[in-house]
Each structure stands twice: as structure tokens, then as C-alpha cells.
Amino acid sequence: MARPVADLIATPSGVSGADASVGLWRIFSVFLRLGSTSFGGGTAGWLHRDIVLRRGWIDEADFIRMLSLGQVLPGANGIKMTVLIGQRLRGVLGALAALFGLLAGPFVIVLALGAIYARLSGIALLHHMLDGAAAAVIGLTLATGLRAAGQGSPGATGLAFTAVTVFCVGVLRWPMLPVLVVLAPLSIGLAWRQPRSG
Amino acid sequence: MREGIGATLLALIAVFAPLSLLSFGGSNAVMADIAQQTINIHHWTTEREFADLFALSRAAPGPGSMLTALIGWKVAGVAGALTATLALYAPGAILVFAVSRVWYRWRGSRWHSAVERGLAPIAAGLFLSGGLALLRAEPAGWPVWAAAALTTVVLLRWPKLNPLLLLLAGALLFAVVPV
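Quick mapping for you: the protein sequence lines, in order, are chains P and F.
According to this note's numbering, the first sequence is numbered sequentially starting from 1.
According to this note's numbering, the second sequence is numbered sequentially starting from 199.
Okay, chain P solo, but in the shape it has when bound (with noise of 0.2 Å):
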């Protein structure tokens, strides 16, 4: 377990793959636009599709480390893989400059919608159109919950976990840190007494 001090102090942007060259106005404006335009939730699809494909400032394997440190972390996983990102270019102005970025665009929007939305509420169609939207994206959210439940062969065990979480929680609506509480160390330490192997 006991790892060399001087690999605890280096910094991760030393690490690989990180273009040392990108400014901190650059990393603002590239993830302004990315917020700006990234439609349907799934932010961190459309950070792969940018940030790894097309412009190569992180390479894959940085990305999908990024990916599991964020999966193990509470908050919105957009935003998880855009301060991770930020921090790899920039450090801590790199993640607050790809953060605000992120949030600038859909902040001004959102209320911009909002504001023609409080103008509208009276009509009946918007209600209607608004609940169709609405169906659509939680059916996206079902479908990326149940590809999430699958990723990685979990096993019997694994669906075990997501189908009692999915009773407590989605079925029973108990408060959801309790679950967490409980069920958490269970499936860490069964995790635990089978290390990965094949």
C-alpha cells in the first residue's frame, strides 16, 4: 500500500496527457460553447466528443479515469468531469475557468425560458407540450439508468443492489441517505471479498 511520498505530492497535471499549452481564456470559451450547446443532459458524452475527440486536450485514458473517480463522488457528472478537466489543464483557475464556463450559457438561457415561460403559464398547449418534452427526458433518464445498471457485468449481486436501491428509494420513497448508509457498505465490502478477476 505504502506509496513513495514524492508520487503523493506531484501534481496530477503532471501526470499525461494534458496539453500545457491551453489558456485559461481557452478552456473558458471552449467550455462556454460547450455548455452553450450541449442539449439533452448527458454533459459528459458531449465532453468526450469534444475535449478527447476533437481537440485532444485529455487523452482516453485520462477521460475514463475521470470517469470512475466521478462515478464514486456525489454531483452532477457534467460538472464532476468539467472541474476534473479544468484541473488537468490549469490546476484550480483551469477548473473554475472550464466551470463557469459550463454554467454561464444554460444559466442565462434557462432563464431566459423561464421568463417567457411565467409570461405564457396561462396556456393550456404549453402545459401540454412541456409534459411531452418532459416524458421523453425521463425516458432518457430511465434508459441511461438502466445501460448504467448493466455496465461493467455486475453480476447478480450487482442488480441485487440496483433493484433494492430502485424499491427504497423509486418504489417505497424512503429518504435516500439512509438506504445509502446501509446498503453502501454492504456492496463495497462484497465487492471487496471478490477483487476483480474474470
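Be aware that a few hints might be false.
[Unchecked claim] Derived, one-sided and incomplete: chain P residues facing chain F with beta-carbon distance under 10 Å:
{"no.": "1", "residue": "Val52"}
{"no.": "2", "residue": "Leu69"}
{"no.": "3", "residue": "Gly75"}
{"no.": "4", "residue": "Val83"}
{"no.": "5", "residue": "Gly114"}
{"no.": "6", "residue": "His127"}
{"no.": "7", "residue": "Thr144"}
{"no.": "8", "residue": "Thr157"}
Read the hints as simulated data drawn from the structure, not as lab findings.
Backbone N, C-alpha and C fix where the C-beta goes; we use that ideal spot for every residue, glycine too.
Put chain F on the given structure of chain P with help from the hints.
Quick look at chain F alone, frame taken from chain P:
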């Protein structure tokens, strides 16, 4: 009913900042809590308004949880929108920033892998529960359930399909078909 603006902003922070640190599996995981707090506990919106704000927030680009910006805006204007957004995002962002510096060092260790694999199925379950909470918050009832189920199947079959098309199709369908 009308509190001071300062008290309202503090209430927004008190509701959303803890949720930031509880949203394992993404912000959908706390959607049930957001709905409960907003509609039933603080009475910031009605069910109808909540459903509309949710759809609006998803019609906008960017990370999905701009819903909180709209809730903050509804109760306390632009200051409320900024406060709610920062309250929901900042704690999680700071946490991931801090943890990443340590986390990468332990890659490949047994506990690292156990934590990752142990939390993944629960995260998926919370994500799905968030979807169910959204369905329940929809006042339109079964047509929304049916359309959501249909969308789920379509997206599982064709994962690369642009969700925007489905959003548009859903909006048009519900505009044309009376429910």
C-alpha cells in the same frame, strides 16, 4: 408567507448545498428530494409549476440540473437563481477537486476497486429512482408514463439517437393529442 430575501437565500442554500453532497450517481439521484423539498416542505412551487420548470430546465442546454436555477429564480429572482445554482454545484465541485488529487494515487489498489465496484450498482439504482420521482411529480399521469416508457425503449434500442428529436416529438405529440 413573504420572508426577507436574505432568509429565502439561506433557505435555498440549506436545501441545495447538502443535496450537492448526496447526489451519488448524478443530480437525478436527488431529484426526489428536490421535488419533496420544493413542493411539499417549502411550498416554493406547486406540482404543476415544478413539472413545467423541470421540462423547461431540460429544454435548455448544459448540465441537467438547471432546474434549481429556475426554482431559485421563482422564489428570489436572479439572486435566488445564482444562489441555488452555486449551492447545488459548488460543494460537489470542491469535493471532486480535492479528492481527485489523492484518488489517482491509489488506482489499482484493492479498496479503490472495491469502492468503485460497490457503489456503481447503487448509483445506477439512485439514478433510476430519480426517474421514477420525476414520473410521480408529473400531474398529467399515465400518458406521460406511457410516453416515457416508449422513449426508454427507443433509446435502449437506438442509443445514438439525438434526444432532442425525442423531446420535440414528445412536445408535438402532446400538443396534438388531447390528454
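| query | Any hints this thing doesn't respect? Which numbers, in order? | reply | 1
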